[in-house]
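Given chain G, work out where chain F should sit, using these hints.
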Amino acid sequence: MLAYYLQQALRSLRRNPAYSMLMMLCLALGVGVWISVHSTVASQARDPMPGPRNLFHVELEHDSGLPERMGNAAGIWGLAHLPDLLLSYRQVSELSRSQIPSRSAGAFSTQVAVQLDDGRFVEGPATFCFADLFALFEIPVLSGSTWARSLDLDPNANVAVVDHDQARLWFGNTDPIGRKVRLGGVEVTISGVAASDPQRLRLYHLWFGGGYRNGLFLPLGLIERMRARPVFVFGWSDHDGASAALRTLDDGFVHFWVELPTEAQRSAMILLLDSYVERERVSGRASAPLRPTLRRLDDWRRNAHQLYAGYRMVEMLSLIGLIASCLSLVRLLMAKFQIRAPEVSVRRALGASRRAVFLQHIVEALLVGVGGALIGLLFASLEVAMYNAALPDRTVDFALDLGQVASGFGVTLLCALFAGLYPAWRICSIPPAVYLRWQ
Amino acid sequence: MIRMTGIKKVYTSGVLAMEALADLSLHVGKGEFVAIMGPSGSGKTTFLNIAGLLDSFDGGDYLLDDIDVRGLGDDEQSRLRNQKIGFVFQSFNLIPDLDVFDNLDVPLRYRGLHGAERRRRIEHALEQVGLTARSRHLPSQLSGGQQQRVAIARALVGEPKLILADEPTGNLDSVMARQIMELLQKINQQGTTIVMVTHAAELAARAHRKLHILDGKVIDPQARPRRAAEAI
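Sequence lines, in order, name chains G and F.
Sequential numbering of the first sequence, starting at 1, is according to our numbering.
Sequential numbering of the second sequence, starting at 1, is according to our numbering.
The set of hints was computed from the structure by calculation and includes no laboratory data.
Check before you lean on any hint, since a few could be wrong.
[Unchecked claim] For lysine to any residue, the following SDA-like pairs were computed, each having C-alpha atoms within a straight-line distance of at most 20 Å: (1) G/K180 x G/V141; (2) F/K186 x F/E123; (3) F/K84 x G/R354; (4) F/K84 x G/A433; (5) F/K8 x G/P431; (6) F/K8 x G/A433; (7) F/K84 x F/S56; (8) G/K180 x G/D165; (9) F/K84 x F/D61; (10) F/K217 x F/E19; (11) F/K30 x F/A204.
[As the list claims (entries may be wrong)] Now the stretches of chain F that chain G is said to cover, found in silico as 3 or more residues with beta-carbon under 8 Å: (12) 72-81; (13) 106-116.
Keep in mind it's a predicted model, so treat the numbers as computed, not measured.
Each residue gets a CB set at the ideal place from its N, CA and C atoms; glycine is no exception.
So that you can see chain F by itself, here it is in the shape it has in the complex:
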C-alpha cells in the first residue's frame, strides 16, 4: 500500500536547514496494521504528512497503492487523498460548527457523489461506529470518545484503502481508548490498511507490525537495540 524509498525532507528557515526525514524507506503491505513508534521530533508527523500527501518531499520515491505520487499535480493529489486515504487525528479535527452528519459529508462532497449515495454512506459509517442517533449533534455536544468515533466514521465514509492515524487514543481515557482500538482492529479486519503512530507500547502491540522512526529514518530495533530502546 505504501512503498517509500530514500525519502528526504528538509525544512529551511532563513539560512538554517533541518533534515526531518533522511533516507527514510519503508513498506506497508495491503491490509496490514502497522504501528509507528518514535520519540518526539523523530520525524513521525513529517512521515504522516508525506504519506497522506499533505506535504511535499525533497528526494526519494513514494508509491501509494502502486501510484507514483512524485510529480502529481494538486488536483490529482487531492483526488488520491479523497479516494484512498482516511485521516484520524489525536485532536479529532472535526469542523466545530458542522454537525456529525455534515462533518461526514465533507469528503463525499469533494468526491462529487450525489445526495442519496452520500446519505447511504454516512448512515453506514455512523452505524459502524455506533453513533447513528447522534447524527445531528454538534461536536461540542459529544464526549471525547464520541468525537473520535465521529472522526473515524469520517475517515471510513469514503471507503479508503488506507487509514493514517496519529495517537488516536491520546486524548481518551483507557475505556474509550480500548473501544477505539477495537474499532480500528475491526476496520482493519475488513481489509483497510492502517498506519498508526503511537507512543503506547500496549496499543502498538495490537498492530501486526511495529516500525521505529528515529532521526528521520526507520530503524531496526533488533539491529540497534540500545539506541532504539533508549529512544522508545
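Looking at chain G on its own, in the form it has when it is part of the complex:
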C-alpha cells in the first residue's frame, strides 16, 4: 500500500509543479539556513587534535574585576569570564618553575606592530609563549628551530619563530630564517618557520586582539621589554609598562598549559596548586586566587567554545527560522489538502479508511520533505561556501560532513512530518458526505 500512497503523492505533486516547488522551497530555506549554521558551529567545535589527552589548562579562578572594566566588549565576544580563569604573568613565572609537569607552556596572544628589515612597518599577530608550546600542541617546525627553554622568561631574548603563511606575506618567497624584525623597539632574529594550522591555533589561542593567525611566536619573557599587553589590563598601564609592575601584577591574561601523563603527576599538581592558592591567600593580595582547576584540553576546548555565546544565539535564530518554515509549510499543505477534499470523499466512498487517507497525505508531506531536504542541502552547501569566502581569517574551514548531511536530511523529514500531521488529520476527519457531490 505504501507504494500506492507514494504513487498518488507523486501524482499530486506533479499536478501543480509550481505549488509543489513553493512548498519544497519554503522548507528548504529554513532547513538550508539551519544546516549551514549548525555545521558552521559544529566545525568550530570539532576537535582538531584527537587522541589521548595529557594536556591540562591550569585555571586559578578569581574575581579580577576585569569583566566589569571591559564593559560591553567582554559580553560581545562572550569572553566575560575568561580573565577570571587565566593566570597573571607573575603566577605563570612562579608555577612554571615546578618540576611536576613533563612539559609546560605559558601563552599570550596579541597584535603587534613590526618593522621588517626592509624598513616597512606592518601589523601582525604575535603569540608570546614557551618553546614547549610547539611540542605540546604538535605545531610542526618546518625549517630552522625554536628557542631554548632557558629563554622562555628571558626579557632579553632576541629570537622568534614565524608562521609559514605570515612569512610569505612579509617576506615573499625568500627564506625568512636569519631575517631581523623589530617589535616595540626590540630587534629579534627569526630562527624557525612553523606550519600554519589555524584549527590547532584555536586550542591555545583565544581572541585577545591577536586575530586568528599565529604570526610570530616569541618567548613570553619578551613582553616585559616590549610592553606588550592586552588592552584591558589597565593595572599594568597604570604602571607605565614597567617590568617590575608586570612581575607583580595580578590581572590574568596568560594561558598556562601543563603536560601530566601520569595520575601521580596529576595528584601532585593538584596539591601544588592548592598550596599555591593558600600561599596567595595568606600573602593578602587584593584578588587572590580562590579555586584552582586542572582542566583537560578537550574540556577546556568545549568550555572555551561555549564562551562564544554569539554562536548559540545564531544557532537559536536559525532554529526559529526552521520552525517558521515548518509553520508556513503547514499552511501550504492545509490549503492543498483542503482543495482535494472532494477527491478524498470519493476515495472514502470507495473504501478508503480515515487511516488510509491520513497515511496517504503524510506520505505526500514526507515527499515534500525529501524534495525540501535535497534543495535545502544544496542551499546549505552554497551558504557554507559563502561563509568560507566571506571570512578569510576564519580558524577552520567550514564544511558539511556526512553526519551533518544525514542529520539534516533526517531533521527535514521530521519537519515535513510535523508539518503534515495537522493538515492530514484535518482532511481525514472530514465526513465523506460533506464534500461528496451526489448530484
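What follows is chain F alone, placed relative to chain G:
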C-alpha cells in the same frame, strides 16, 4: 439487504436543528431493484449517505446485509463500504487525473488485492460496460455516457452486493439514459441489489418496486395518495 428501522438524522447549525430523517423505516431485499422517489429536500440524499455508510445517524437501527452497522468503527465501516457497496453518482465523481483503468483500480487498492487479480477484475468490469478500448483514457476524454459507464464499472469492479445510484441518468441524453438503465437492469439480473434515487417516473418504472420519501419518512402512496402525488 437493507433493513432500516426508525432511522433519525438531525443536522444542527448553531442553535438550529433540522430533522432530515424522521423515523425512516424501509426494507430492501437481496436482489431487488428499488427506486426511491421524492421531492428535493425530502431526505433522499441523507438516506443514501446513511445507507452507504457515508454519514452517521442519530437514532434507529440499520442492518446492512444482516450486519448491524451501529457502533462500527471507521475501519469496519470502510471495509463494509469497500466490499459490499458500489456507488453511482449523477455527476460521475471520477478522479479527473486518473485514467479509466486507475479510476477502477481505486477501490481494489483499498481492498489490498494483488496486481494480477486487480487487472483481471478491471478488465472484466470494463468488458461489462463495453469500454475495454478506453482503459487508458482520462475522464475528460470521454463523453458523459462513457463517463457514467466508467462510474458503473468502478461500482461493479469490487463485485458488491449493493449498488446505490443517485439519478444515474440525470446528466445524460435520452439514448444514453436508456443504455445506462439497461446496463443497471442487466447488473441487477446478475444478482446485485440496486437502490436508485430518481425523479423520472419512466426510469422508476423499470424497478421492481418504488418507495417514496417525504419529510424524512418513507410514505405509502396508497395510504396518502394526494400528498404523495403532489410531492412527486
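Problem set entry | Hint check, failures only | Checked against the structure, no hint fails, so every one of them is satisfied.
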